[in-house]
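J.: Here the protein sequences come in this chain order: A and B. Read in my numbering, the first sequence has 76 at position 27, and its numbers run on one by one without any break. Read in my numbering, the second sequence has 1277 at position 373, and its numbers run on one by one without any break.
Treat the hints as calculated values from the structure; they're not laboratory data. All values reported here derive from a predicted model rather than from experimental measurement. All residues carry an ideal CB built from backbone N, CA and C; glycine is no exception. Incorrect hints may appear among the rest.
Stated by the list, open to error - In silico lysine-lysine, PhoX-like type, Cα no more than 20 Å apart, as pairs:
1. K284/A with K147/A
2. K229/A with K201/A
3. K313/A with K201/A
4. K229/A with K147/A
5. K980/B with K171/A
6. K475/A with K1150/B
7. K474/A with K1111/B
8. K229/A with K309/A
9. K1161/B with K475/A
10. K283/A with K309/A
11. K351/A with K1007/B
12. K335/A with K474/A
To be verified - In silico contact screen, one side only, chain B against chain A (beta carbon under 7 Å); selected entries:
13. E908
14. A1129
15. I1131
16. G1132
17. E1134
18. K1147
19. N1149
20. P1162
21. S1163
22. Q1176
What the hints assert, rightly or not - Derived Cβ-Cβ restraints for the label pairs, each shown as a range:
23. E1285/B with K171/A: 53 to 61 Å
24. R214/A with R1153/B: 21 to 29 Å
25. S1135/B with Q112/A: 38 to 46 Å
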Amino acid sequence: MNVSFWDWFFWYIDTGGFSKIINLFWYFFYLELPRFMLLDVVVLVILKIKNVLGHKKYEIARQRLFIEKPFISIIVPGKNEGRHIYKLTKALREQTYKNFELIVIDDGSTDDTHTIGLSLLKSGLIDKFLRNDERGGKASAANLGLRFSSGKYIVHLDADTSFDRDAIERILIPFYLDEKIAGIGGNIKVLNRKASLCAGIQSFEYLQTLTVGRMVTSFFGIYRIISGAFGAFKKDALMQIGGWDIGPGLDGDITVKLRKIGYKVVFEHRAIALTNAPEKFRALTKQRLRWSKSMIRFRVRKHKDVFVPNQNFNLLNFIAFFDNIFFNLILDFLWFYYIIQIIIYNFEFLGFIIPLKFIIYTIAIFAQYLVIMAVSERRKQEYQLAIYIPAMMLYAGYYMRIVRTIAYVQELFFFKSYKDPWNPKKTSDQALEHGL
Amino acid sequence: MIKEINGKRLDNEQNKEIYLISDFSEQDLKHFVLLDALVLDYNYPQACLEFIRKIRSSFIESIYLLPVYILSINSKVDSYTQSLSDGIINSVQAEPIAFYTDKLRKKRDNLVPISTNDPRLRILNKVLRFLYTRESNLTPVVYAGFPLGYIYPVLSEHFQGNEILSMFDLLKFARDKDYLRQRFIDKLHLCNNCYSAFINYRETCPKCGSFDLFTQNLIHHFVCAYIGPESDFIREENLVCPKCNKILRHIGVDYDKPSMVYTCNNCRNIFQEPLMNTFCFHCTKEGVVEQLIDQEIYTYELTEIGRDIAQGGVKQEERSEIVMPGFVSFATFTTFLKFEVERNKASNSMSSIGSIMLNLTSADRDKLGSKMNHLIREISEFLRKNTLSTEILSFTTNNSFLIISPDNEPATLEINLSNLLVSVHKLLISNLPYSEIQPSLIVQAIEGRTSHIELINMMLSK
Chain A
50 MNVSFWDWFF
60 WYIDTGGFSK
70 IINLFWYFFY
80 LELPRFMLLD
90 VVVLVILKIK
100 NVLGHKKYEI
110 ARQRLFIEKP
120 FISIIVPGKN
130 EGRHIYKLTK
140 ALREQTYKNF
150 ELIVIDDGST
160 DDTHTIGLSL
170 LKSGLIDKFL
180 RNDERGGKAS
190 AANLGLRFSS
200 GKYIVHLDAD
210 TSFDRDAIER
220 ILIPFYLDEK
230 IAGIGGNIKV
240 LNRKASLCAG
250 IQSFEYLQTL
260 TVGRMVTSFF
270 GIYRIISGAF
280 GAFKKDALMQ
290 IGGWDIGPGL
300 DGDITVKLRK
310 IGYKVVFEHR
320 AIALTNAPEK
330 FRALTKQRLR
340 WSKSMIRFRV
350 RKHKDVFVPN
360 QNFNLLNFIA
370 FFDNIFFNLI
380 LDFLWFYYII
390 QIIIYNFEFL
400 GFIIPLKFII
410 YTIAIFAQYL
420 VIMAVSERRK
430 QEYQLAIYIP
440 AMMLYAGYYM
450 RIVRTIAYVQ
460 ELFFFKSYKD
470 PWNPKKTSDQ
480 ALEHGL
Chain B
905 MIKEINGKRL
915 DNEQNKEIYL
925 ISDFSEQDLK
935 HFVLLDALVL
945 DYNYPQACLE
955 FIRKIRSSFI
965 ESIYLLPVYI
975 LSINSKVDSY
985 TQSLSDGIIN
995 SVQAEPIAFY
1005 TDKLRKKRDN
1015 LVPISTNDPR
1025 LRILNKVLRF
1035 LYTRESNLTP
1045 VVYAGFPLGY
1055 IYPVLSEHFQ
1065 GNEILSMFDL
1075 LKFARDKDYL
1085 RQRFIDKLHL
1095 CNNCYSAFIN
1105 YRETCPKCGS
1115 FDLFTQNLIH
1125 HFVCAYIGPE
1135 SDFIREENLV
1145 CPKCNKILRH
1155 IGVDYDKPSM
1165 VYTCNNCRNI
1175 FQEPLMNTFC
1185 FHCTKEGVVE
1195 QLIDQEIYTY
1205 ELTEIGRDIA
1215 QGGVKQEERS
1225 EIVMPGFVSF
1235 ATFTTFLKFE
1245 VERNKASNSM
1255 SSIGSIMLNL
1265 TSADRDKLGS
1275 KMNHLIREIS
1285 EFLRKNTLST
1295 EILSFTTNNS
1305 FLIISPDNEP
1315 ATLEINLSNL
1325 LVSVHKLLIS
1335 NLPYSEIQPS
1345 LIVQAIEGRT
1355 SHIELINMML
1365 SK
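With the rest of the complex left out, here is chain A (with noise of 0.2 Å):
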């Protein structure tokens, strides 16, 4: 088999060239590579350079946080979170930065989240903890914790995630660093990465797209989400725009609307949070489908204004939009055009072209380990994710490539979105009645 494919391959090259094995794998060379993976080592080659020389600029920025020491809230909404509660109150107590009252908002919770709310706030774990006896859906929980929070500075967080000790005192430096700066995004990693092979998947992915893939954007001023998991808000910036404004991709539509009004919102890799992701493929395939369609109800929908010239244009936006729209909704279709193609066209070549585009992938895919490796700030714990390479292309290139498809279908189509339950019905209603 071995003698075969290489008797193919230097048969391929003979005949061609390389520029052949270029032509073949086109959507990879011109496409995926350079933005991918060339973009990603360019960007964090200048990144690290950046961060030693401006060391100092950082250092001053930490000092002025702690001689100002801006009091804040940590807003936690959430339904059903209640067994994650108590947890999240003693990794917060370990912060370094204390000057912080925490709100806990029960959104309309049927397990026991509301007594157990009242036991922490009562003990004293928790400064306010707020019930909607109705749910009304994360963005409302997350309003009301906004409305009655009093910190200068919102911190947005998810029950289930634990931090470093000094995961609040960097997402809160970038403030420090540029007035302008409105939000900053958190750095979520994966907590559970040993409970099963889909969890282990996971937490090389958020290396890969999460950490990095963030750097980039946020080097560029084109980045897009602030995880609703962690993230910290300033809160004028926050009543301007009226807090979170209806989900799914809530956490994505706010980076858009402080964008609109002018601030800037970074990404704080340093600022490291750890998340349970989904430890089932089904559970896995259900929350992308879930983010890739919000992608089409809030770029491409409701805030189709960054694109006209006229009306809401933003030069950061439009590129943010673009990047997200082009690399995801036009090249999944395009995507499938050309494998489409590369059947009916080199059928024949197919038991050559497989193998080969597995050993490209994998190789970029290492190469871009090695560079998450080059930023990791825990690389003992993360050079394991090695063993998941091999898997990554199958992963990434086929399976989140297929959801995130079918999702697109979905939504763009059959407005979808508008039925997940993750949202109550009456919000999702009225939604769809003003083409939110």
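For this one, chain A is given, so just place chain B on it according to the hints.
T.: Frame of chain A; chain B shown alone:
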């Protein structure tokens, strides 16, 4: 006509001794023993109430079972007075009262004399007999003048202030013994300090404890996910979303009110779960709801067993009775007294009986603890040494000393006992330095007219 009674005798065909009392001052209950019924004029409600309470508080059967009617022209009588009476009349009519008296007399004829020195059982016997003769239930009556908010007619007269829980213990005892059958009426939450049911419940700020709070509904606007207190939305007469400026039109369709929020006017704390504090209107003690004492209120109905017991009396349970040296047991004392009454009846002579009551409160008893028995022995020893050998002494479990003095008239016995009382008081004070203890004495003539049971009851009534 009984001349000692300050009232008007009401003529009736059956020639019953029915009196209308309008002036409640200077009435001596002793003289009511021979009456058949009373009509109390309600012109002075407070005095009337006090008087009927006095009647129902007595341990003398012919007094506390006396039929009492309230004369009120407009038929308006407070619930307390009414509950202790046998009825309200708006004109003086002696005949129906005489008829009722007859009926009641027949019931009373079934009652066997009871001798018990257990104060609890004496009260229970009394209540059972009252219910039996009236063929009524022990129904709690709402009365705001009593800390409990309810009174049990007759029974409540013996349990005031901190003794209120003992009343419920006694009722439970009667129910456990199947004398009474209970039916739920209410549940009270009593102050754990003074057992008052008059509690103010205050929602307080969990942060500063202030109860100066104001509440607002939260409004959730579905379209834009804004949520805030109602005041955020009020614009003139409309509800307008402060985030998207849309007018809210229809609850449940474009907005809802998912919960409420409290704001503390003192510290501006915002919360949804105020702490519930309590304030007792009687003793002004503040506390938390969890500390209140839950107490069920029932109506009690006499069972068949209860009816039998009412007639025969609650038997005192076997217990070791303390008999002091030189003293006789209570049963023996009762027998002696019975003989003395018979002797005086036959010889038309007079002797006397007296009692010294220590009037120890439960707090006093708690304070004395193990010294209590020693103190009782000391007083017994003192009394034995300072009384005549012909006098018969006994001690009852409600801390009263009884004495039959065959050779002395009441006046002489009273002088003797008064002297002894001074010393007993000093002895008590030396053992209970800060107590306001006040022992008392009662002296009564032993004649043929009054039964030994009635005499015992007189001796033991406070």
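J.: Indicate, hint by hint, whether the structure satisfies it.
T.: Going through the hints against the structure:
{"no.": "1", "hint": "K284/A with K147/A", "result": "holds, 18 Å"}
{"no.": "2", "hint": "K229/A with K201/A", "result": "holds, 15 Å"}
{"no.": "3", "hint": "K313/A with K201/A", "result": "holds, 17 Å"}
{"no.": "4", "hint": "K229/A with K147/A", "result": "violated, 24 Å"}
{"no.": "5", "hint": "K980/B with K171/A", "result": "violated, 52 Å"}
{"no.": "6", "hint": "K475/A with K1150/B", "result": "holds, 17 Å"}
{"no.": "7", "hint": "K474/A with K1111/B", "result": "violated, 37 Å"}
{"no.": "8", "hint": "K229/A with K309/A", "result": "holds, 12 Å"}
{"no.": "9", "hint": "K1161/B with K475/A", "result": "holds, 13 Å"}
{"no.": "10", "hint": "K283/A with K309/A", "result": "holds, 15 Å"}
{"no.": "11", "hint": "K351/A with K1007/B", "result": "violated, 91 Å"}
{"no.": "12", "hint": "K335/A with K474/A", "result": "holds, 18 Å"}
{"no.": "13", "hint": "E908", "result": "violated, 67 Å"}
{"no.": "14", "hint": "A1129", "result": "holds, 4 Å"}
{"no.": "15", "hint": "I1131", "result": "holds, 5 Å"}
{"no.": "16", "hint": "G1132", "result": "holds, 5 Å"}
{"no.": "17", "hint": "E1134", "result": "violated, 12 Å"}
{"no.": "18", "hint": "K1147", "result": "holds, 4 Å"}
{"no.": "19", "hint": "N1149", "result": "violated, 10 Å"}
{"no.": "20", "hint": "P1162", "result": "holds, 4 Å"}
{"no.": "21", "hint": "S1163", "result": "holds, 5 Å"}
{"no.": "22", "hint": "Q1176", "result": "holds, 6 Å"}
{"no.": "23", "hint": "E1285/B with K171/A: 53 to 61 Å", "result": "holds, 59 Å"}
{"no.": "24", "hint": "R214/A with R1153/B: 21 to 29 Å", "result": "violated, 50 Å"}
{"no.": "25", "hint": "S1135/B with Q112/A: 38 to 46 Å", "result": "holds, 41 Å"}
Against the hints set out earlier in the document, violations occur for numbers 4, 5, 7, 11, 13, 17, 19, 24.
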